[in-house]
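Undergrad: Sequence:
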Amino acid sequence: MKKTLLPLAFLCGLGLSAQAQTKWILQNNTGTITTPPSYFSRQMHTVSDQVAWQLIQESVTGATTNLFTRTTNGGATWTFNTVAGANNYQAAGIHALDGNTAFVAQFGANGGGEIVKTTNGGATWSKSTTISQFAAPAGFNNWVYFFDANNGVSLGDPNGPGAAYFEIYTTSNGGTTWTRVPSASIPAPLDANEYGLVGSYCAVGNTIWAGTTHLLNPADANSGVPTRVLKSTDRGLTWTASAPTPLLGYISKIAFTDANNGIAFRGSDMISTTDGGATWTTQTYTGNFNHFDIDAVPGTNIIVSVGSSVETVSTTADYGSSYSTNNGRTWIDIDRGRYSSTVDFISRTVGYSGAQTDAAGAGGVYKASPTILANRSAELQKSLSVYPNPSASGVFNLQLSSGIKAGTSVRVFDAVGRQVFNQVLNATSVASQLTTVDLSKEKAGLYTLELRTDAGVAQQKLVIQ
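When we follow my numbering, the leftmost residue of the sequence shown carries the number 1, and every step to the right adds one.
Just so you know, these hints were derived from the structure itself, not from any lab.
Treat the numbers as computed from the prediction; the structure is a model and nothing was measured.
Every clue listed holds true.
Calculated pairs, DSS-like style, for lysine-lysine (alpha carbon to alpha carbon, straight line, at most 27 Å):
{"id": "1", "residue 1": "LYS405", "residue 2": "LYS382"}
{"id": "2", "residue 1": "LYS461", "residue 2": "LYS23"}
{"id": "3", "residue 1": "LYS127", "residue 2": "LYS117"}
{"id": "4", "residue 1": "LYS443", "residue 2": "LYS461"}
{"id": "5", "residue 1": "LYS117", "residue 2": "LYS231"}
{"id": "6", "residue 1": "LYS441", "residue 2": "LYS461"}
{"id": "7", "residue 1": "LYS443", "residue 2": "LYS23"}
{"id": "8", "residue 1": "LYS441", "residue 2": "LYS23"}
{"id": "9", "residue 1": "LYS405", "residue 2": "LYS461"}
{"id": "10", "residue 1": "LYS382", "residue 2": "LYS461"}
{"id": "11", "residue 1": "LYS382", "residue 2": "LYS23"}
Required output: the full structure, derived from the provided sequences and hints.
TA: Structure (structure tokens):
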């Protein structure tokens, strides 16, 4: 049965360009631009500080395509190309291992699916699955994920032979072969109208969760009934299912900060769990929860949200990004008035967010500044002293408190988030409780000094006259 892909959102009638900010730094806006105009991000996948891949989609007509962009130089430039595969197939999800190797899950408009792989940065693609895997008409590939270079999993809609069950494949040899998980290891669908959903999954360690779509009438997105969350703790080899959740129709996205705590949403409706996804309850919240995409920052209790904070957008102020440190109960703004549709962090200091290219094809992606999710230390902030400030020469003295240890990082960023100074304090500086921050070669303007210790981060604005 044909299943309609549920889109993130379409952008109509709003000016979406935004100037570079110190928290999110606009990329793909200098040099030779190869990306097309008016394309928005459908999925962002961050590999490292230097490498990220994203799937993009044309925004004027909303036509889903199999196009991607990729950076291997920290976001400075992005190459644009097509994911090659079966005729008329469209990209559902991407997972990259490095700047050269990536896997893409694809689906056909009338059923069928596949996984394709590139080892040369997307210049060419080869089919990783066989013709009998995700076979039409019932086959439909929703996403692909790799735990490491060898072990991966991909989830498709229920399919035969015999009684249909979720078509899930695993690989242990880097996608050379894929083995279907037997029906005995997967919970049966609730009925004939429970499916997977493109992009509805997340993983922590060897555990992965996947949201379902559940409609009384698959042709009617408003006929939703309770959904479930599927879970595997062994890299996709065996699966369990949650009790039906309060979310009706489909689960857009899922994010877990650890093995127990996570949230999921559909639109502005949110649910949360504290038992690893066995049970879910409706989550009320305060602040701006942006419901285009969410991502849990590995190794922290932080979940980042991007997109629109309202169901019907009327102004650019409805867009923004925010974060929660209490499993979705409270959301703190990172910024407002900046459109983005996808986000992916791999650490507190490394993340990318996809947006929309402008009329010239520029922009369309932001890189998180290193201080975007800094853990502020009130005690450290109180002791931070810099003089003279403003400075006519660009040279500042940083007074160090007695608690500062050797190895503490001192960095300075300019007004658009570029690092212009980096120093690791040595024992001599710590003993003297004083160090010099020399910005004499920098232009007059506003800068941000960051002092990072094991206890947290403190920041101070610097002014060069």
